[in-house]
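A.B. asks: Sequence:
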Amino acid sequence: MVEVIDLHTHSSRSDGTDAPAALLAQAAEAGLTTLAITDHDITAGWDEATEAAQRHGVALVRGAELSTRHRGRTVHLLAYLFDPADETLSEEMRLMREDRVPRLRRIVEHMAADGVAVTWEDVLAQVADGETSLGRPHLADALVANGIATDRNEVFARWLHNGSTYYEPHYAVETAEAVRLVRAAGGVPVVAHPFATKRQRSLGADDVALLVEAGLVGIEADHRDHDDDGRVFARRLAAEHDLVVTGSSDFHGDGKDNRLGENTTSPESLERIVAASSGVTPVVG
Numbered sequence: 027m028v029e030v031i032d033l034h035t036h037s038s039r040s041d042g043t044d045a046p047a048a049l050l051a052q053a054a055e056a057g058l059t060t061l062a063i064t065d066h067d068i069t070a071g072w073d074e075a076t077e078a079a080q081r082h083g084v085a086l087v088r089g090a091e092l093s094t095r096h097r098g099r100t101v102h103l104l105a106y107l108f109d110p111a112d113e114t115l116s117e118e119m120r121l122m123r124e125d126r127v128p129r130l131r132r133i134v135e136h137m138a139a140d141g142v143a144v145t146w147e148d149v150l151a152q153v154a155d156g157e158t159s160l161g162r163p164h165l166a167d168a169l170v171a172n173g174i175a176t177d178r179n180e181v182f183a184r185w186l187h188n189g190s191t192y193y194e195p196h197y198a199v200e201t202a203e204a205v206r207l208v209r210a211a212g213g214v215p216v217v218a219h220p221f222a223t224k225r226q227r228s229l230g231a232d233d234v235a236l237l238v239e240a241g242l243v244g245i246e247a248d249h250r251d252h253d254d255d256g257r258v259f260a261r262r263l264a265a266e267h268d269l270v271v272t273g274s275s276d277f278h279g280d281g282k283d284n285r286l287g288e289n290t291t292s293p294e295s296l297e298r299i300v301a302a303s304s305g306v307t308p309v310v311g
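Residue numbers for the sequence shown follow this note's numbering, so the first one is 27 and each next one is one higher.
Treat the hints as calculated values from the structure; they're not laboratory data.
From the three backbone atoms N, C-alpha and C, an ideal C-beta is built for every residue, glycine too.
Just to be clear, a hint being listed does not mean it is correct.
[Unchecked claim] Label-pair distances were calculated between CB atoms; the ranges are:
#, residue 1, residue 2, range
1, A301, G83, 19 to 27 Å
2, K224, D155, 29 to 37 Å
3, V306, P128, 28 to 36 Å
Please work from the sequences and hints to get the whole structure.
C.D. replies: Spelled out as structure tokens, the structure:
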């Protein structure tokens, strides 16, 4: 069997549109053999995903995508196979989730003050039942539901990009510290889409070197937001620092063009990720 491994997806526990079980069903239908669910700053979907993975015969890599900051820039850090009961990492994730709420409320208030037809209640109507990590995509979905935009991409291009006048900062742990916390919790940190051309480029070669000193294990090279130069650069740095190279879809469901399995990770890279973990949170299946 050909292994098809996608190590970066989101469910409705954060800014994806599909419940964890539905996401696993789609992964099986798409022919994936291994899927990682990496919701933003939250592990609430792990149990549902685990049951669904066993039912659909898809191996599950449990993880999260952490909101971090390095030299004033936002850096997303994929964290795989860490202990969800680790108190220090769990507390940082809680702080990040909780700060998302007042931050998003401020954005809504500013947009409404400028005449954009959206309310906080509109945003909450887009949030799935259960524990959820709230984010700007929920506001984007509210604007689409109100007929103000056609999809999330349009909303982010017009109002919610990082250079927008509506942009609001949020709490984020320093990236190097997040790397150390993930390693201390038995997990494997991999920096996500660091050389994206469709968003602010988050890291340079010297930054990656600093994160390697902190314990960085891998770098996401194959991602739709990386152009060819970005992918080559990521692989060069991976070779220089002996980092694991990953590829993934960053699938969110409806509202974004990303397709499950559009970029994938090699079986050898997955083996290195598993070997680098403590084993406290194994791959399911």
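A.B. asks: Run every hint past the structure and note whether it holds.
C.D. replies: A quick look at each hint next to the structure:
1. A301 - G83: 19 to 27 Å: Given a distance of about 23 Å, which is inside 19 to 27 Å, the answer is holds.
2. K224 - D155: 29 to 37 Å: holds, 31 Å
3. V306 - P128: 28 to 36 Å: holds, 33 Å
Checked against the numbered hints given earlier, this structure breaks none of them.
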